[in-house]
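Assemble the complex: chain Z is given as a structure, and chain X with the ligands must be docked to it using the hints.
Here is how the chains run, residue by residue.
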Amino acid sequence: MQIEFKNLYFNYNNNSEFKVTVLKNINYLINKNNITAIVGKTGSGKSTLTELINYFLKPTSGQVITDGFISENSTKLKFKVVNKLRKKIGYLFQFSENQLFEDTVIKDVSFGVKNFYPKDDGYEQKSKEALRLVGLDESFDSRSPFDLSGGEKKRVAIAGVIAYKPDLLILDEPTAGLDAQGKKEIMDLFKKIHETGVQIILITHDMNVVLEYADEMIVLDNGSIQKYGSPKEILKENVEKYNLETPHIYKTINALKEKGIVLNNVTDIPSLVTELKKHG
Amino acid sequence: MDKYILGKYVPLNTFIHRLDPRMKILSMILLMVAIFMPFPSWTFTFVMSGFNALIIFVLMLISKVRLRDIIIQLRSIWFLLLVLMIINIFLPPNGSIHIIAQSGNFKLYAESFMQTGKVMLRLIEMFGVAMILTATTSPQELTFGFGWFIKPLKKIKFPVEEVSMTVSIALRFIPTLIEETNRIYKAQSSRGVDFKHGNLKMKFKGLIALIIPLFVSAFTMSDDLAFALEARGYNPKAERTSYRVLKWSTKDTIWIILITLFAAGIITISAMHLDLLRHFFPKIW
Ligand SMILES: Nc1ncnc2c1ncn2[C@@H]1O[C@H](COP(=O)(O)OP(=O)(O)OP(=O)(O)O)[C@@H](O)[C@H]1O
Ligand SMILES: [Mg+2]
Numbered sequence: 001m002q003i004e005f006k007n008l009y010f011n012y013n014n015n016s017e018f019k020v021t022v023l024k025n026i027n028y029l030i031n032k033n034n035i036t037a038i039v040g041k042t043g044s045g046k047s048t049l050t051e052l053i054n055y056f057l058k059p060t061s062g063q064v065i066t067d068g069f070i071s072e073n074s075t076k077l078k079f080k081v082v083n084k085l086r087k088k089i090g091y092l093f094q095f096s097e098n099q100l101f102e103d104t105v106i107k108d109v110s111f112g113v114k115n116f117y118p119k120d121d122g123y124e125q126k127s128k129e130a131l132r133l134v135g136l137d138e139s140f141d142s143r144s145p146f147d148l149s150g151g152e153k154k155r156v157a158i159a160g161v162i163a164y165k166p167d168l169l170i171l172d173e174p175t176a177g178l179d180a181q182g183k184k185e186i187m188d189l190f191k192k193i194h195e196t197g198v199q200i201i202l203i204t205h206d207m208n209v210v211l212e213y214a215d216e217m218i219v220l221d222n223g224s225i226q227k228y229g230s231p232k233e234i235l236k237e238n239v240e241k242y243n244l245e246t247p248h249i250y251k252t253i254n255a256l257k258e259k260g261i262v263l264n265n266v267t268d269i270p271s272l273v274t275e276l277k278k279h280g
Numbered sequence: 001m002d003k004y005i006l007g008k009y010v011p012l013n014t015f016i017h018r019l020d021p022r023m024k025i026l027s028m029i030l031l032m033v034a035i036f037m038p039f040p041s042w043t044f045t046f047v048m049s050g051f052n053a054l055i056i057f058v059l060m061l062i063s064k065v066r067l068r069d070i071i072i073q074l075r076s077i078w079f080l081l082l083v084l085m086i087i088n089i090f091l092p093p094n095g096s097i098h099i100i101a102q103s104g105n106f107k108l109y110a111e112s113f114m115q116t117g118k119v120m121l122r123l124i125e126m127f128g129v130a131m132i133l134t135a136t137t138s139p140q141e142l143t144f145g146f147g148w149f150i151k152p153l154k155k156i157k158f159p160v161e162e163v164s165m166t167v168s169i170a171l172r173f174i175p176t177l178i179e180e181t182n183r184i185y186k187a188q189s190s191r192g193v194d195f196k197h198g199n200l201k202m203k204f205k206g207l208i209a210l211i212i213p214l215f216v217s218a219f220t221m222s223d224d225l226a227f228a229l230e231a232r233g234y235n236p237k238a239e240r241t242s243y244r245v246l247k248w249s250t251k252d253t254i255w256i257i258l259i260t261l262f263a264a265g266i267i268t269i270s271a272m273h274l275d276l277l278r279h280f281f282p283k284i285w
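Those protein sequence lines, which keep their order, are chains Z and X.
Here the first sequence stands for residues 1 to 280, numbered as in the working numbering.
Here the second sequence stands for residues 1 to 285, numbered as in the working numbering.
Only chain Z is shown next, with the shape it has when bound in the complex:
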C-alpha cells in the first residue's frame, strides 16, 4: 500500500490559543511492502503521523495519500469511505492492551472481523488462526481477557488487528512492556506476517529492533524528517543528537575500533563473529 505525504503540516487545536505545531512540511513516500520504522524522541509526532494515515486526524495543510485516498483539510470524511480504508489497515495502538472489552478472548478477536465483514461467517475460524499465530493456544479462547497478564493481553490485541487480514499493519510501540523474550517473539511474529505480504509501519524507541527488523527508517525531530533511508547506514552515524540510542552491535564495533580493531560489514551478531574470526 503506497503512502505519500505531500507538504504536510499538522497542528493540534489549530484555531485556538493552544495551537501546537507538531509536523512541518513533511514530504515522503513510504515504500510498498517494506517494514518502515518511524523513530524520534518522545513527543516528536510519530503517533500523530500514523494517525493521519488512517484518517483519525486531518492535515492542517498539505495531503496524505493512503492507497489512493486523498486526505486534505477540506476533505469531508464519509464513514463508508473511511471504513473501506480502515479495513485494509490494522492499527495497533500504544497501550493496545487497554482496548479489550468482550467477555472472552475469541469474541474480542472476532470484533474487528465482524465489523468489517458482517456477512462473513468464517470469523471464528479467522480469529482462531490469528490467536494461534500470536502464540496463544486453544485454552485461551474462552478465557476472559481481563484475567490475562499484560503480555498476553497484548497478544490478544495483536490477534484482534491481524484477524481481519489487513494489507498494512501500523504498530505503535508494540514491544513496550514486554520482557526480552516476549519482545523477540513478537517481533519475529511480525516478521513472519510481513513475509506473507503484509506491509508494516513500526513506531519504536528500540534501535536494536529497528536495525534487526526494519528495511527503511524515518527519523522525526522538531516536526520534520531529519533523516531517512536504510537503518544500517543511518544508525552507524551519530544518532544520539536525535535522542536515539546507538544499537548494541554498533556500540561494540565502535568500542573495538577504539582498541584498534576495525571491522566492516557487521550488522548483526553472526557477522560480528565471522569478522572477528577473520581478525584472528
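Read the hints as simulated data drawn from the structure, not as lab findings.
On a predicted model such as this, the values are computed, not experimentally measured, just so you know.
Where a beta carbon is used, it is the ideal one built from N, C-alpha and C, also for glycine.
Any given hint could be a false lead.
Selected chain X positions facing chain Z (in silico; Cβ < 10 Å) [what the hints assert, rightly or not]: (1) Val10; (2) Pro11; (3) Leu82; (4) Gln188; (5) Gly192; (6) Asp194; (7) Leu210; (8) Thr220; (9) Ala263.
Distance condition first, Cα-Cα at most 27 Å in a straight line; then the derived DSS-like pairs of lysine-lysine [what the hints assert, rightly or not]: (10) Z:Lys41 x Z:Lys183; (11) X:Lys196 x Z:Lys78; (12) X:Lys201 x Z:Lys80; (13) X:Lys201 x Z:Lys128; (14) Z:Lys78 x X:Lys64; (15) X:Lys205 x Z:Lys78; (16) Z:Lys87 x X:Lys118; (17) Z:Lys88 x X:Lys203; (18) Z:Lys19 x X:Lys186; (19) X:Lys203 x Z:Lys80; (20) Z:Lys88 x X:Lys186; (21) X:Lys205 x Z:Lys87; (22) Z:Lys41 x X:Lys64; (23) X:Lys196 x Z:Lys58; (24) Z:Lys88 x Z:Lys19; (25) X:Lys203 x Z:Lys76; (26) Z:Lys87 x X:Lys64; (27) Z:Lys165 x X:Lys201; (28) Z:Lys19 x X:Lys64; (29) X:Lys186 x Z:Lys24; (30) X:Lys201 x Z:Lys6; (31) Z:Lys257 x Z:Lys32; (32) Z:Lys76 x X:Lys64; (33) X:Lys201 x Z:Lys88.
For chain X with the ligands alone, kept in the frame of chain Z given last:
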C-alpha cells in the same frame, strides 16, 4: 473536543484568573441571582437582561472566554428551548394581550415568544457566568474554594476533608479520562466501529466497546492511586495542612464590593416592583 468546553479550565493568566476562588464563587452566586430577578414589564425585563448581558460580556472579554464556546453549549439544549417555545405557544404566559395571529379559537400571542426569548437570554447569561468561573479557576482552586465554604459543616461532623479530597481527586482525573476515552475511541474505530452512523444495535455495541475498557482503566487507576496513597501513609482522618494557601487580597475585596453593589442594585430595582422606564421616560413609553 468541543463538547467538553463547559467546565473546562483554560490555563491563561488574565486578571480574573488571579482572583481568589472564594471571591469568584461568591460573585458567581450573586450574578446568578441578579440574572434571575423578575421585572414588571417586558421592555424593562429585556432592558435589564441586556444590561446583565453587557456586564457578563465585559467579564468574558477580560477572562478571554469566547462567545462561540457558549453558543456551542446552547447547541446541546436547543431541543429543550424548542419544547419550551411550544409550551409557551399553547399555554401563553399570564397576562398575555398582544395577539399576533388568530385561527378559530387559537390565539398566537407575542408574549409566548418574549417569554421564550427571556428564558434563552437568561440561560446564555447563566452559561456565561458558569464558564467564566470554570475557565478561570483550576479544579484544585475550585475545590479549595468550595472546601472553605463548607468548612463550618465540620461542626456537625460532616466529613469536610474527605469530601474535599475526593472531589479534588475526581476533578484531577477528568482530563485523564477524556484522554483515555479518546484513545479507546480511536482504537475501536480502527477495528471498524461506527459510533455516529449505523443502526441502533451497532451504536449500542460501539458504546459497550467504549465503556467497558474505560471502566476497567478507571478502576485500575483508582486502585493504583489508592495503593499509592496508602503506601505514602495517607490517613483520611488526619488534620491536613494545605500546600496551597488561599490568599485574599485587596483587589478581591474591591471586586466583591463592586459585584455586590451591582447585584444589590438589580435586586433593589426588582423589589421596587416599579417599571422605572415608564417612571423616568413617560413620554416614550
Ligand atoms: N490531543 C492533543 N492535543 C494537543 N497536543 C497534543 C495532542 N496529542 C499530542 N499532542 C502533542 O503533540 C506532540 C506529538 O505527539 P505524539 O503523540 O505524536 O508524539 P509521539 O512521537 O508519538 O510521542 P511518544 O513517543 O511519547 O508516543 C506532543 O508534543 C504532544 O504533547
Ligand atoms: Mg506515540
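Status of the hints after comparison with the structure:
1. For Val10 of chain X, the interface hint holds, since its Cβ comes within 10 Å of a Cβ in chain Z; the closest pair sits about 8 Å apart.
2. About 9 Å separates the beta-carbon of Pro11 of chain X from the nearest beta-carbon of chain Z, less than 10 Å, and the hint is met.
3. The beta carbon of Leu82 of chain X is not positioned within 10 Å of any beta carbon in chain Z (closest approach about 27 Å), and the interface hint is therefore violated.
4. With a least beta-carbon distance of about 7 Å to chain Z, the hint placing Gln188 of chain X at the interface is held under the 10 Å criterion.
5. Because the closest C-beta pair between Gly192 of chain X and chain Z is about 3 Å apart, less than 10 Å, the hint holds.
6. At a threshold of 10 Å, the smallest CB-CB gap from Asp194 of chain X to chain Z is about 6 Å, leaving the interface hint in force.
7. Interface restraint check for Leu210 of chain X: the shortest CB-CB distance to chain Z comes to about 8 Å, inside 10 Å, so the restraint holds.
8. Taken as an interface hint, Thr220 of chain X checks out: its beta carbon lies about 9 Å from the nearest beta carbon of chain Z, inside 10 Å.
9. Nearest Cβ of chain Z to the Cβ of Ala263 of chain X: about 31 Å, over the 10 Å cut. The hint is violated.
10. Between Lys41 of chain Z and Lys183 of chain Z the alpha-carbon distance is near 20 Å, which keeps this suggested pair within the 27 Å criterion.
11. With a C-alpha separation of about 11 Å, the suggested pairing of Lys196 of chain X with Lys78 of chain Z holds against the 27 Å cut-off.
12. Only pairs whose Cα atoms come within 27 Å are accepted, and Lys201 of chain X paired with Lys80 of chain Z is accepted, the gap being roughly 17 Å.
13. This hinted pair checks out: Lys201 of chain X and Lys128 of chain Z have alpha carbons roughly 25 Å apart, not beyond 27 Å.
14. Of the pairs offered as hints, the one joining Lys78 of chain Z and Lys64 of chain X is violated, with about 35 Å between alpha carbons and a cut-off of 27 Å exceeded.
15. Between Lys205 of chain X and Lys78 of chain Z, the direct Cα distance comes to roughly 20 Å. Compliance with the 27 Å bound is thereby established for this hinted pair.
16. Only pairs whose Cα atoms come within 27 Å are accepted, and Lys87 of chain Z paired with Lys118 of chain X is rejected, the gap being roughly 51 Å.
17. Only pairs whose Cα atoms come within 27 Å are accepted, and Lys88 of chain Z paired with Lys203 of chain X is accepted, the gap being roughly 22 Å.
18. Straight-line distance between C-alpha atoms of Lys19 of chain Z and Lys186 of chain X comes to about 21 Å, which keeps the hinted pair within the 27 Å bound.
19. For the hint pairing Lys203 of chain X with Lys80 of chain Z, the CA-to-CA distance comes to about 15 Å; that is within 27 Å, so the pair holds.
20. Only pairs whose Cα atoms come within 27 Å are accepted, and Lys88 of chain Z paired with Lys186 of chain X is accepted, the gap being roughly 16 Å.
21. This hinted pair checks out: Lys205 of chain X and Lys87 of chain Z have alpha carbons roughly 18 Å apart, not beyond 27 Å.
22. Simply put, Lys41 of chain Z and Lys64 of chain X have alpha-carbon atoms about 34 Å apart, too far for the 27 Å limit, and the pair is violated.
23. In summary, the hint linking Lys196 of chain X to Lys58 of chain Z is supported, as the alpha carbons are separated by about 18 Å, within the 27 Å threshold.
24. Of the pairs offered as hints, the one joining Lys88 of chain Z and Lys19 of chain Z is violated, with about 32 Å between alpha carbons and a cut-off of 27 Å exceeded.
25. About 21 Å separates the Cα atoms of Lys203 of chain X and Lys76 of chain Z, which keeps this hinted pair within 27 Å; it holds.
26. Annotation: proposed proximity of Lys87 of chain Z to Lys64 of chain X is violated, straight-line Cα distance about 43 Å (limit 27 Å).
27. Between Lys165 of chain Z and Lys201 of chain X the CA atoms are separated by roughly 25 Å; this keeps the pair inside 27 Å, and the hint holds.
28. At most 27 Å may separate the alpha-carbon atoms for a hinted pair to count; Lys19 of chain Z and Lys64 of chain X meet this at roughly 16 Å.
29. As the CA atoms of Lys186 of chain X and Lys24 of chain Z are separated by approximately 24 Å, the hinted pair is consistent with the 27 Å bound.
30. As the CA atoms of Lys201 of chain X and Lys6 of chain Z are separated by approximately 39 Å, the hinted pair breaks the 27 Å bound.
31. Annotation: proposed proximity of Lys257 of chain Z to Lys32 of chain Z is violated, straight-line Cα distance about 37 Å (limit 27 Å).
32. Restraint check: the Cα-Cα separation between Lys76 of chain Z and Lys64 of chain X comes to about 31 Å, which exceeds 27 Å; the hinted pair is violated.
33. The hinted pair formed by Lys201 of chain X and Lys88 of chain Z meets the criterion: a straight-line CA distance of about 24 Å does not exceed 27 Å.
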